[in-house]
Amino acid sequence: MIGTPAPRLKLNGLTKSFGGVHALSRADLAVMPGEIHGLLGKNGSGKSTLIKILSGFHKPDEGSLEIDGKPISLPIPLGGSEKIGLSFVHQNLGLLAEATVLENLIAGDHERVNSWFIDWNAEAKRAKLLFDRTHLSLDPWAIVGDLSPVKRAQLAIVRAVDRISSHNEHASPGLLVLDEPTPFLPMEDVRELFAMMRRLKDAGVSIIFVSHDIDEVLAITDRATVLRDGHVIDSFDTAQTDRAHIVEAIVGRAVAQERLVGDTPPAKGAGAEVTGLSGKTVSALSIDVAPGEILGLTGLIGSGYDEVLYLLAGALHARSGRLKMGENTHELAGMTPAAAIAAGIVFIPADRQKLGLALDLSLTENAMLPMAARGDDCLFLRHGAREATTAALMRQFGVKAEAPRQAASELSGGNQQKLLLGKWLQLSPSLILLDEPTQGIDVGARREIYERLLATCAQGAAVICATSEFEQLEMIAHRVLVFERGRVKAELIGSQVTKSAIEAACYGESRVHAPA
Amino acid sequence: MSRLGHQLERFGLLLVWLAVIALFGAMRPDTFLSWSNFSSIFGSEAVLVIVTLGLIIPLTAGDFDLSIAQTLTFVSMLTALLSARMGVELGYVIPIALAAGACVGLVNGAITLYFRVHSLIVTLGVGTFLHGVTLWMSDSQTISGVSRALMQYVIINRIAGIPISFYYAIALAALVWYLLSYTAFGQQLLFTGRGRDVGRLTGVAVGRVRMSAFVASGVLGAIAGILYTGTTGSANPTSGTTLLLPAFAAAFLGATCIKPGRFNAWGSVIAVYFLVTGINGLSVLGFRTYVHDLFYGGALVVAVMISQLVSGRKERVL
Numbered sequence: 099m100i101g102t103p104a105p106r107l108k109l110n111g112l113t114k115s116f117g118g119v120h121a122l123s124r125a126d127l128a129v130m131p132g133e134i135h136g137l138l139g140k141n142g143s144g145k146s147t148l149i150k151i152l153s154g155f156h157k158p159d160e161g162s163l164e165i166d167g168k169p170i171s172l173p174i175p176l177g178g179s180e181k182i183g184l185s186f187v188h189q190n191l192g193l194l195a196e197a198t199v200l201e202n203l204i205a206g207d208h209e210r211v212n213s214w215f216i217d218w219n220a221e222a223k224r225a226k227l228l229f230d231r232t233h234l235s236l237d238p239w240a241i242v243g244d245l246s247p248v249k250r251a252q253l254a255i256v257r258a259v260d261r262i263s264s265h266n267e268h269a270s271p272g273l274l275v276l277d278e279p280t281p282f283l284p285m286e287d288v289r290e291l292f293a294m295m296r297r298l299k300d301a302g303v304s305i306i307f308v309s310h311d312i313d314e315v316l317a318i319t320d321r322a323t324v325l326r327d328g329h330v331i332d333s334f335d336t337a338q339t340d341r342a343h344i345v346e347a348i349v350g351r352a353v354a355q356e357r358l359v360g361d362t363p364p365a366k367g368a369g370a371e372v373t374g375l376s377g378k379t380v381s382a383l384s385i386d387v388a389p390g391e392i393l394g395l396t397g398l399i400g401s402g403y404d405e406v407l408y409l410l411a412g413a414l415h416a417r418s419g420r421l422k423m424g425e426n427t428h429e430l431a432g433m434t435p436a437a438a439i440a441a442g443i444v445f446i447p448a449d450r451q452k453l454g455l456a457l458d459l460s461l462t463e464n465a466m467l468p469m470a471a472r473g474d475d476c477l478f479l480r481h482g483a484r485e486a487t488t489a490a491l492m493r494q495f496g497v498k499a500e501a502p503r504q505a506a507s508e509l510s511g512g513n514q515q516k517l518l519l520g521k522w523l524q525l526s527p528s529l530i531l532l533d534e535p536t537q538g539i540d541v542g543a544r545r546e547i548y549e550r551l552l553a554t555c556a557q558g559a560a561v562i563c564a565t566s567e568f569e570q571l572e573m574i575a576h577r578v579l580v581f582e583r584g585r586v587k588a589e590l591i592g593s594q595v596t597k598s599a600i601e602a603a604c605y606g607e608s609r610v611h612a613p614a
Numbered sequence: 158m159s160r161l162g163h164q165l166e167r168f169g170l171l172l173v174w175l176a177v178i179a180l181f182g183a184m185r186p187d188t189f190l191s192w193s194n195f196s197s198i199f200g201s202e203a204v205l206v207i208v209t210l211g212l213i214i215p216l217t218a219g220d221f222d223l224s225i226a227q228t229l230t231f232v233s234m235l236t237a238l239l240s241a242r243m244g245v246e247l248g249y250v251i252p253i254a255l256a257a258g259a260c261v262g263l264v265n266g267a268i269t270l271y272f273r274v275h276s277l278i279v280t281l282g283v284g285t286f287l288h289g290v291t292l293w294m295s296d297s298q299t300i301s302g303v304s305r306a307l308m309q310y311v312i313i314n315r316i317a318g319i320p321i322s323f324y325y326a327i328a329l330a331a332l333v334w335y336l337l338s339y340t341a342f343g344q345q346l347l348f349t350g351r352g353r354d355v356g357r358l359t360g361v362a363v364g365r366v367r368m369s370a371f372v373a374s375g376v377l378g379a380i381a382g383i384l385y386t387g388t389t390g391s392a393n394p395t396s397g398t399t400l401l402l403p404a405f406a407a408a409f410l411g412a413t414c415i416k417p418g419r420f421n422a423w424g425s426v427i428a429v430y431f432l433v434t435g436i437n438g439l440s441v442l443g444f445r446t447y448v449h450d451l452f453y454g455g456a457l458v459v460a461v462m463i464s465q466l467v468s469g470r471k472e473r474v475l
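So the protein sequences, as listed, match chains A and B. Throughout the first sequence, residue numbering follows our numbering, covering 99 to 614 in sequence. Throughout the second sequence, residue numbering follows our numbering, covering 158 to 475 in sequence.
Since the hints were derived computationally from the structure, they do not count as laboratory data. Keep in mind that a hint or two might mislead.
Covered by chain B, per the in silico footprint, the following chain A stretches (three or more residues, Cβ under 8 Å) [what the hints assert, rightly or not]:
| no. | stretch |
| --- | --- |
| 1 | 448-454 |
| 2 | 457-465 |
| 3 | 475-481 |
Glycine is no exception: its CB is placed at the ideal position from the N, C-alpha and C atoms.
The following block holds chain B by itself, in its conformation from the complex (with noise of 0.2 Å):
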């Protein structure tokens, strides 16, 4: 391939994304194109980037992670109700929340590493079950009054007129770009998933690695249902949910750009964001809310598309 086509592939999504901008604000130059429109798509959506990035990880090593949005609610819930009810300081609220995504991470590493049995199975049992577990301790209810110095750290606090919660994702994006590329550990998730049996004669302890991504990913998504119930002051038991389909969307969406063939960190922050942005506009254009099913969903089947288009040319499997 040459080089221009390369570099055209690499940032192709990027550019569909600042094509979008440019057709919905053509059409929607007052309301679509405004600054606060856009500072409040950038800081509401990190929760949905960190989801992202916490899927990547296990995605790396093979593995599925569709606990990751029951995670978040059941953090977010638990978060909500030692703050709000039971009065705990913010100082212990946040470690025990972060304690209970490695611990929701252990568990579906444990099972799915000493039954053998698919992740995909594992996690979606799991996360249902910790859905259950969110709808029993808040009693199926919203429950508010969460420490106003969380809302504060999380959205109310702004630099260059974007919520905080924005550069939390964007070093957590760093982190993990700097995990995949930078770090043996990349290296050994890499070959857990691409080539499992090579890594394993070689000498990376697959079993362990698998375990650590399951982790990480129970922490991202611990860390997303903090900031998520940082962004409203409350949690609720069932809306956060809903993010599972747009982050496997944005996780395939951006195996698609800047390292095509791989799930990446800044891929996967460019397709939440062009994901979301595309949403947006339709929803300036008067579309109802079932455009977001449309997209996607919509999405997530044409980033599989494509990623098996990539892999056909490079005559691999994924």
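So that you can see chain A by itself, here it is in the shape it has in the complex (with noise of 0.2 Å):
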């Protein structure tokens, strides 16, 4: 095509399998110079391992990569992105909060800096001309864990951009990848971001920003390309598409999961009632959970729904808020998790671990940890008893081991988390707090974790259940909440919870967020 410029980059027929399961396959992606590309695809759809691809931390089976025009070899060296005119900047940032802006900024740059002695005034004014030319004020000589969330993705991406200006051996300006860089920025950063991204993009920059934000998206991209279960979707220039049709894109048509569950909630009752709750990110919220019902949290990264079950439990500490179960109200400020496991709350956190099991004590000792914590048996320990009383849990939850005095570690993540479950329902709680309970279990194993669930409902426990997986909800929840932003976004109720309005919902018109 006579005229038009080589793309920045352009991958073709992209395959990459983990264990016979094709993670990308055959996807082709092109970025023309000074465009933002968005990319889009739930968890799992083959975005990072395209990216993985890019940065050189994933070998290719297949497909072909070019840059301006010109072929590079696959796969890229790990580490030698940037001669090539890639960088990337994760959600993590990396940097190093105890460290100062200039020490961030050069970490790593062992090939410009002189690794025998580090000119530290000259790099001082050498930092201070490149935050001048991208609109940056910051002080090299601060200290990053004091800067705004803002001003720290802002120095990652300067950050990122002067690698590929110092590194790139084709002189060109580059292709620079924002891998979510936004889900805990407020509004008004989001837009300080973007005007940034602006910026790079009239300097010739190519970025593409990776999202699951559809408003953030429309807002900020030339064109988009949307990949799911490992293919790439659709590609398309931005203002000529619509919500529902990236929507559409992005969660395909729904298959229906069996519910589980019945599609009238139980009757509002003497559950739990919270009001008023606010965290780090929940602000201002109320809900309630009626006795035999399963409410489920969902949202976006960082909507703040798994923050929720932590500032229950006493986990994190709330700013405000108010617990109601029965005849009692909680201070949640100033709760605790000895009080919650009191009151009749218990906890399941995600991280089995690190926050659920020690992993080198026996199951036995950690299945009896509630009642030691508690002081049961404080002078004598009965060992027999407490192994005797470990087995049966195990058979009742269906923990395969091969003895009470195993080591925890030695258990499968589903195991363990029927151990956890065990651990926890013994005690007889009235309110049961979920955090991704089937979260890198096998399929038999979540069968066996819903059913013991649902046992434990109808005895009259509330349980309330924060996960991505809106399969699962579909299956277990009477009731979900959609976050967003630290908020309810939206309710459905009985026969609206399906994973397709989960999606909808989830990725819908924002009602509290409209970036610029």
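Using the hints, put the two standalone chains together into the complex.
In structure tokens:
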């Protein structure tokens, strides 16, 4: 094509499989110079695989890459992406909070910076020039931990751009990959970030902008590509597309899940009632859950739906909030795990390995910890009885293991989770808080966990389940609350709880958020 | 692992100890293998056993108490001054000495917990500070003339030929074993050390548990200090401080046996006596004092290497 410049980046037929499962299959992507290109897709759609191939972390099975019309051989050597003009800013930004702006800026820039003698004054001058060029007012000597979140994000972006300009062997402005830099930023900060992205675009830098947020993609990108199940579903000019089209491309046609719960939620009753709950993301939240009800909480990353559980369990400090359970009212600002447990609340966090189990201690010790923490039998632990109780729990909850004396680390994820259910449900709680209860667990074990939960509900316990797996909510939730920026955006009840309805609510028109 | 292998691992150190005794015994049957030699080892090293027991309580909770040997020296000096210089009755001296140890533990715990500083640094500083206090109040002199009753109840009275201090150490080991193995507090300590967040989310008051561990360590350090004074009838402002490294070596070596992978009381007792037997044997063979450092330092490094190997096999990180 005469007159059209070569794309800054062109991927052809990129394929990658892990253990026979296609994470990416024959994916094509083209990004023009000075273009902001949105990359959309659910978790597991292949976005991260694509990015990890670009950063040299994965080796593709098939496919080719061209940059500015020149073929680049794959895989890209790890750490060699800057030389071909690619640079990355990941969600965690990769900054060291304790170090200065300047230290972060030159960290790892071994080829430019003399590693035997760092001329800090010269580096500071260079940093000031760089910040001036990018309209960023930053003191090179400031500590990164003291900066606002948006300044940190901008620093990470400027650093990435700086790396391209000092390392790119092809003398082009290069391509920047921003991997979900926004979910934890307030609206006005997102605008500031977008302003910076537009200035970079004007300078000829191409940007791949990975986001869950359709509003943001509509606001900032020129073109966008949607991935689903490893395939490129669509590539389009953003200006000529509407939200409905994008949502359908991301979500696809929903396949109905078998619902394990009835369509009428249990009648409101003396379950748990939360009012005025505020934490880090969540603000002025009021929710209630009835005995025998499974209430699902969901939303996109950073929307705060999972924080609710930590605040109720006393695992994080709430700024304010009140929890009414039956006759008792608890102030959530002063909640502790011990007080929550005494009030009949149990909490199973998502991070089994760190927060759920002490992996090198035995199954018995883990399962009997609630009693030891409470001080039961405090002056003489009956080890025989503790092991017998644990063995009974393991039978009841279907934990497959050799013996109660085994270390918890030797169990599979599913069995660990079943042990945790046993550890907590033996307390006959009235409110059960679950964070991603089936993360990393195979289908069979999931089913057992669902059945166990439903049986507990049938006995009158209330369950709040925070999860990003919409299928799971369709199967087990009586009611679902969809969160956005710390508030409830939509409520789905009974037969409305379907995967596609939840997805539509998650990605749907925003009520509390409208980026510039 | 096979049952035999498991038992070998549990009692390995005990077997090595017996082998060491047999080896030195074969080389020096008259001097080394005499009952008087062993009864003096058992009696005089009771102090080291108690210091080691004091270390394993905070270690189980994930904290280091590097101040324990200085607590011992400080309390030893306090006991001597109160008894010899001020003529205070033993019945008052001992409670005051124990309270002093508990106070050191409280200070260690308060600084570690309130300011969230690593216990390694806090106890290093507090220990050094205490050593300064000890030198100051003793004017860097050895204080002798302690009430003979104390010596009577520590080193002079013997049961089956072994000084009574040995039995104190064994009784305390039984107490610590019971505490770690048979009480809810023992489980709370264990989770505080090995899964602090798991414990916290299950309602363990991890701050209170860590504080209690520091206080227990201070009190055991004080008991060791009282016995240390009783062993010689005097207090020396510096010699007790050399017990820190042997105690650490014994604590980590003890964690490789009886209950491998965990700091445990009987393992600590065996480790202490294994180490001092080795040193005693080498001295009988004519090696000079430098073997102390070679042996204790080597043992500490070997012990942590073994525990890393054990944990590596079980795919975990201590």
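Review point. How about the stretch 457-465 of chain A: do at least three of its residues have a C-beta closer than 8 Å to a C-beta of chain B?
Key: Holds, because 5 residues of the stretch 457-465 of chain A bring their Cβ atoms closer than 8 Å to Cβ atoms of chain B.
**Study point:** Whether chain B covers the stretch 475-481 of chain A (at least 3 residues having a Cβ closer than 8 Å to its Cβ atoms)
**Key:** holds (count 6)
Review point. Counting residues of the stretch 448-454 of chain A with a beta carbon closer than 8 Å to any beta carbon of chain B, are there 3 or more?
Key: holds (count 3)
When held up to the earlier numbered hints, the structure conflicts with none and fits them all.
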